[in-house]
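Trainee: Sequence:
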Amino acid sequence: MTNIYDNIEPEQPDEAVLEVIGRAIKLLEETQEERRKKEDEVKQLKQKEDEILIHQLPKWMKDAGLSEVKTSDGRKVSIKAFYSPKVVDYLSFEEYLKKNNEDAILKYSFHIPLSKDDTQKSDELRDALENLGVDFTEDTEVHSMTLKKYVKEKDEAGEMDQLSSFIKINKFECAVIK
Numbered sequence: 006m007t008n009i010y011d012n013i014e015p016e017q018p019d020e021a022v023l024e025v026i027g028r029a030i031k032l033l034e035e036t037q038e039e040r041r042k043k044e045d046e047v048k049q050l051k052q053k054e055d056e057i058l059i060h061q062l063p064k065w066m067k068d069a070g071l072s073e074v075k076t077s078d079g080r081k082v083s084i085k086a087f088y089s090p091k092v093v094d095y096l097s098f099e100e101y102l103k104k105n106n107e108d109a110i111l112k113y114s115f116h117i118p119l120s121k122d123d124t125q126k127s128d129e130l131r132d133a134l135e136n137l138g139v140d141f142t143e144d145t146e147v148h149s150m151t152l153k154k155y156v157k158e159k160d161e162a163g164e165m166d167q168l169s170s171f172i173k174i175n176k177f178e179c180a181v182i183k
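Residue numbers (my numbering): 6 to 183.
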């Protein structure tokens, strides 16, 4: 038995609609290409901006013995240090902090594996972790912003050499224009 719809072809949009759709697709492709070019231009401009702010201005100002200068239009240009430290030997760093009574920047946390059935133990753990017989590990950390501030203070105090064996520090200077 044949279906009455078998011989009916779907209605084709007229040529004008197909032409409009084709032009819209072409416009979309051109717009996407233009966007890609502009993104490349923005990337190049950002690199140029970084070259001036991070390399040229700080060098020229240091060479001239300046840490701050006022421009003819009243803006202030100063050199500011930015820090991006990463602890590479945490145990040694923690030991160093404790030895120098600077361990207040450490944050302690406990990771205790408990099954769903151990929910009542979670309340008891606050008072008596070791007495419960639950395996746990103790981790410490220094928050990244606290570490940046700490490294900055050590640098300003001329004590960076003490940290270099257990902290990798990327320091760069950048001009700040206000």
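It is possible that part of the hints are untrue.
Here are the simulated lysine to aspartate or glutamate pairs, EDC-like style, with alpha carbons at most 20 Å apart [said to hold, decoys possible]:
| hint | residue 1 | residue 2 |
| --- | --- | --- |
| 1 | Lys176 | Glu56 |
| 2 | Lys85 | Glu158 |
| 3 | Lys104 | Glu158 |
| 4 | Lys67 | Glu46 |
Here are the simulated distance ranges between beta carbons [claimed, not checked]:
| hint | residue 1 | residue 2 | range |
| --- | --- | --- | --- |
| 5 | Glu161 | Arg40 | 38 to 46 Å |
| 6 | Leu33 | Glu107 | 16 to 24 Å |
| 7 | Gly79 | Lys31 | 26 to 34 Å |
| 8 | Gln49 | Ala69 | 27 to 35 Å |
| 9 | Lys154 | Gly79 | 28 to 36 Å |
| 10 | Asp140 | Ala86 | 41 to 49 Å |
| 11 | Pro18 | Asn175 | 42 to 50 Å |
| 12 | Ser149 | Thr76 | 31 to 39 Å |
Simulated from the structure, these hints should not be mistaken for lab results.
Ideal Cβ positions, reconstructed from N, Cα and C, are used throughout, including at glycine.
Trainee: Taking 41 to 49 Å as the hint, is the beta-carbon distance of Asp140 and Ala86 inside that range?
Mentor: At roughly 44 Å between Cβ atoms, Ala86 and Asp140 fall inside 41 to 49 Å, so the hint holds.
Trainee: For the pair supplied as a hint, Lys176 and Glu56, confirm whether the alpha-carbon distance does not exceed 20 Å.
Mentor: Holds, because 16 Å separates the two Cα atoms, which is no more than 20 Å.
Trainee: Is it true that the C-beta distance of Glu161 to Arg40 lies inside 38 to 46 Å, as the hint says?
Mentor: For Arg40 against Glu161, whose Cβ atoms are near 44 Å apart, the range 38 to 46 Å holds.
Trainee: State, for the Cβ atoms of Lys154 and Gly79, whether the hinted interval 28 to 36 Å holds or is violated.
Mentor: holds, 31 Å
Trainee: Please work out if Lys67 and Glu46 have their alpha carbons no farther apart than 20 Å.
Mentor: It is violated: about 30 Å lies between the C-alpha atoms, which goes past 20 Å.
Trainee: Hint check: Lys104 vs Glu158, CA-CA at most 20 Å. Holds or violated?
Mentor: Answer holds: Lys104 to Glu158 is near 18 Å, not above 20 Å.
Trainee: Does the hinted range 16 to 24 Å hold for Leu33 and Glu107 at CB?
Mentor: violated, 59 Å
Trainee: Does the beta carbon distance between Gly79 and Lys31 stay inside 26 to 34 Å, or does it fall outside?
Mentor: About 50 Å separates the Cβ atoms of Gly79 and Lys31, which means 26 to 34 Å is violated.
Trainee: For the range 27 to 35 Å, tell me whether the beta carbons of Gln49 and Ala69 fit it or not.
Mentor: 28 Å Cβ-Cβ, so the 27 to 35 Å window holds.
Trainee: Is 31 to 39 Å a correct range for the gap between the Cβ atoms of Ser149 and Thr76?
Mentor: holds, 34 Å
Trainee: Between Pro18 and Asn175, is the Cβ distance one that fits in 42 to 50 Å?
Mentor: Violated - the Cβ-Cβ distance for Pro18 and Asn175, about 59 Å, lies outside 42 to 50 Å.
Trainee: Verify the proposed pairing of Lys85 with Glu158, using a straight-line Cα cut of 20 Å.
Mentor: Holds, at about 14 Å.
Violated hints for the displayed structure, listed by number in ascending order: 4, 6, 7, 11.
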